[in-house]
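J.: Chains C and P, in that order, are what the protein sequence lines are. So for the first sequence, this note's numbering puts the first residue at 1; every next one is plus one. So for the second sequence, this note's numbering puts the first residue at 1001; every next one is plus one.
Just so you know, the hints here were simulated from the structure itself, not pulled from any lab data. Honestly, I wouldn't trust all of these hints.
Stated by the list, open to error - Straight-line alpha carbon distances no greater than 16 Å define the calculated EDC-like cross-link-like pairs of lysine to aspartate or glutamate that follow: (1) C/37 to C/23; (2) P/1037 to P/1067; (3) P/1210 to C/187; (4) P/1140 to P/1169; (5) P/1076 to P/1023; (6) C/210 to P/1187.
Remember, predicted model here, so these are calculated numbers, not experimental data.
Number of protein chains: 2
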Amino acid sequence: MIKTKKIPKATITRLSMYYRQLELLEFDGYRMVSSEKLAWLCQINPAQVRKDLGYFGEFGVRGVGYDVIDLQAQIKKILSLNRDWNFGIAGMGNMGCAIFLHRDLALRGFKCVAAFDNALDRIGMPLPGGMRIRDIRELKTAIRDLNIEIGVITTPASEAQGVADLFMEGHVNAILNFAPARINAPDCCLVENMDFTITMDVLTYQLRQKIAA
Amino acid sequence: MIKTKKIPKATITRLSMYYRQLELLEFDGYRMVSSEKLAWLCQINPAQVRKDLGYFGEFGVRGVGYDVIDLQAQIKKILSLNRDWNFGIAGMGNMGCAIFLHRDLALRGFKCVAAFDNALDRIGMPLPGGMRIRDIRELKTAIRDLNIEIGVITTPASEAQGVADLFMEGHVNAILNFAPARINAPDCCLVENMDFTITMDVLTYQLRQKIAA
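Isolated chain C (complex conformation) (with noise of 0.2 Å):
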């Protein structure tokens, strides 16, 4: 029996690094994970571990700990990467590329559709694997077309929200957004900011009291 109601975000973040460590520690041969190991592993504690998966059920034998195979499987179902995801990349500049050319998203189900941008220069221009940049104008038929689930926005930061406003006119509920720029979405659209140069200045930010310390 899976509970689904009311698990906290940082649960399901640290599901998809458990998932990534039992990963290797199969490739490695190991078929027993302890929560003390694998707590090691993600650099958490291991009570942590227990009370994430416990939100789900019961995968662990006492003392001797989880199998390796079954709890990737598990974690599998619990995060729905048992099925494939399509995404559009909407801003073709490094970044965007980058992306595109990501090897770990298409290894994990996520797989690029379409990509676009504004500029002359760049729309028709072929990427690796027969694909072409489109415009960004047949942004919202091709999330029909082609069922985007995923908008990804890599443009600069001063075309973002335009940019997630047609997203979300092509109703697509989920957007991971690389530009450094907030995004107003309504409550039913989902949004993830990967602004580095936030996680920089937090960075220098504890590294100066280090240092003062």
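Knowing the structure of chain C, use the given hints to seat chain P on it.
T.: The following block gives chain P in isolation, referenced to the frame of chain C:
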């Protein structure tokens, strides 16, 4: 009087977000902003804005709000944004190049002073601005010579830990990791992970919950 102890990391992240919104407000000609408006722009609640700023003193005027320019200056001081930080990038594939070419980092005082790789066909390659890609084996010398304070990792997953170890051996105590792999580091080293494959997992989990609801 600025209190600097026990400030939650989430508060620091939001200060960085407020700062960006204040820049935009200034650009748009605003001189004052209420906590309600600032909160709305950042998509959080106003009480949170007041609480975050309250850690560092009294900045606003009740019923009037915050001075857009003054609050920027205060946050800049709190976050140590009033100095430049040197960083080095290890792994000059697509993601490494995208970070290297990212305009917002330089604008915010984050200066890439060196880029490294271990591939023979990349070492020595010229980069815009007159720099060349260095051999990863030069990392430790370069850290000292160029005063690298932050290490950015954009290698494949399998090489992330090795590169992190090199940064740490060179006494770089702040790492921004884009590789889809966890990095083991002692407490003296700050690590921020920007693994967007994990964020995609979280996004699709939430999306499926919404569809099912």
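J.: Hints numbered earlier in the text: which of these fail when held up against the supplied structure?
T.: none
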